Amino acid sequence: MAVVFGTLGYRPKSLIPTIRSTPKVDKVVFYCGADPKERDARKNVAEAKAAVLEYCKSMNISAIGIELEDPFDFKSIALRIRRDVRKHKKEGKEIAVFNIAGGTRPTSSAALLVCILEGIPTVYVHDVTYEEIHLPLLRMEYNQVLSGEERDMLRILFKNRAKMLTEVELAALVGKHKATVNHHLRNLVSKGAVRLEKHPGDARKKIVRLEESTELLLGDDE
Amino acid sequence: MRILVSTFGGDDYAKVLSAMKSLPYEKLVLVGEASAEDTEGFHKLSHLEEMSGHDLHFEPVDTSGFMETVDEICDVLVQCSKDPEPGSSNLIALNISGGSKLLGDAALFSAFRLGIEAYHCDERVTKLPVLKGATAVDRFTMSQVKFIMSIKEDGMLFDELLQTLLPAGRQATERVLRILRKERLLETELRSGKIHVALSAEGREVARTIGAARTDRAAAADR
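The listed protein sequences correspond, in order, to chains A and B.
Mapping of the first sequence onto numbering that gives the first Met the number 0: residues 0 to 221, in sequence order.
Mapping of the second sequence onto numbering that gives the first Met the number 0: residues 0 to 222, in sequence order.
Calculated directly from the structure, the hints in this document are not laboratory data.
Remember, it's a predicted structure, so these values are computed and weren't measured experimentally.
Where is the CB? At the ideal position from N, CA and C, for every residue including glycine.
Some clues are possibly wrong.
Estimated spans, in silico, between C-beta atoms of each pair [said to hold, decoys possible]: (1) B:Ala167 <-> A:Ser146: 24 to 30 Å; (2) B:Glu25 <-> A:Lys204: 28 to 34 Å; (3) A:Glu93 <-> B:Met148: 40 to 46 Å.
Subject to a maximum C-alpha distance of 25 Å in a straight line, what follows is the list of computed DSS-like cross-link-like pairs (lysine-lysine) [as the list claims (entries may be wrong)]: (4) A:Lys23 <-> A:Lys42; (5) A:Lys158 <-> B:Lys20; (6) B:Lys181 <-> A:Lys36; (7) B:Lys20 <-> A:Lys92; (8) A:Lys56 <-> A:Lys88; (9) A:Lys197 <-> B:Lys131; (10) B:Lys131 <-> A:Lys205; (11) B:Lys26 <-> B:Lys131; (12) A:Lys12 <-> A:Lys23; (13) A:Lys197 <-> B:Lys20; (14) A:Lys36 <-> B:Lys20.
Let's have the full structure, built from the sequences with the hints guiding it.
Written out as structure tokens, the structure is:
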């Protein structure tokens, strides 16, 4: 049995064709949210949501329509979707496809980002013809791009992100020599995953900071 | 030189402005549909750049198809990364928040394909988790890359491919075939009793990524 994920705006027809064309769907999870600046947005989104839920009910498919608190907050949307995707994966569910055609621009882009990071097949639906366009799977295997030590360092920095860790303190937490940690840190800085900042109390020391993007890279359940 | 490349749709002046304020740059390049060049937003941005003594560069792209748009944006990014100064390369930051949904998503796809630093700039600025220089190619071995790049557009017979990949032996090539097929990058079928090998849609995307990475690296080598 398979799960279909999707983003939804005003047009239920941008999502329903994917539910129809995917075999053995037993669950649909979709994200929607209204632009507070746009007149009638709330009403239009509510109607689209109701239509998708009604279609799924008729087809005996369970469906969850998740209303995003802020459909323009790219980072929060990406973190939310990734958490849900990982939860389904952990439960052993097969995510057949993610339809990113509907919703606000940040919602669609955040969904695409999650698909790339999690290796989920992605589909668009054409604005006019409602034809499905399958995107080639572009999966980033960061496990093969970063070394084991680098991944360990990122995880430790993520867990301790509220603290001001120096290189020496990080080396102690990782259990490696300072020179080794320094070598990996230089790689991580060049890849844009971490940055070094001056220590406020000691000019000789450097504080190791995770770039904000690394939080999205790791996901919040690491 | 630091170059800020931003997607642009004409009505999203504020998003580009947010990127301009947040990301340091020496040259601004906008990517969008040709019609975006003749908009009030474009003229405002152009005026701002003139005031700082710079030109605003515009690269029109055709957004009728997703992957075609990805290819066009990749071409722009590769061109921008070339620096006429020997021994140096331009630093690129890409903002994906402007323009249509398709344009922004295609730009995000391009950033991952080429390993370009990327941002989503709106009222909030979000740095996206693209590791600089890391692309989907990095997960393949040299022999896998050679295998993928040797397959003709319409596919070919495995025996023919074996000849192309010499001096690699049959066993080694069959092993690569099995791995790539398991990753759904290849499609194989029997044709008149012989194995025919072709790239799947995912395989073709990997081939495009390898091609783009090679162009990028060749440009770097030229410098």
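Going down the list of hints, with the structure as the test:
no.: 1; hint: B:Ala167 <-> A:Ser146: 24 to 30 Å; verdict: 28 Å, holds
no.: 2; hint: B:Glu25 <-> A:Lys204: 28 to 34 Å; verdict: 32 Å, holds
no.: 3; hint: A:Glu93 <-> B:Met148: 40 to 46 Å; verdict: 31 Å, violated
no.: 4; hint: A:Lys23 <-> A:Lys42; verdict: 31 Å, violated
no.: 5; hint: A:Lys158 <-> B:Lys20; verdict: 31 Å, violated
no.: 6; hint: B:Lys181 <-> A:Lys36; verdict: 48 Å, violated
no.: 7; hint: B:Lys20 <-> A:Lys92; verdict: 43 Å, violated
no.: 8; hint: A:Lys56 <-> A:Lys88; verdict: 24 Å, holds
no.: 9; hint: A:Lys197 <-> B:Lys131; verdict: 23 Å, holds
no.: 10; hint: B:Lys131 <-> A:Lys205; verdict: 22 Å, holds
no.: 11; hint: B:Lys26 <-> B:Lys131; verdict: 20 Å, holds
no.: 12; hint: A:Lys12 <-> A:Lys23; verdict: 20 Å, holds
no.: 13; hint: A:Lys197 <-> B:Lys20; verdict: 24 Å, holds
no.: 14; hint: A:Lys36 <-> B:Lys20; verdict: 24 Å, holds
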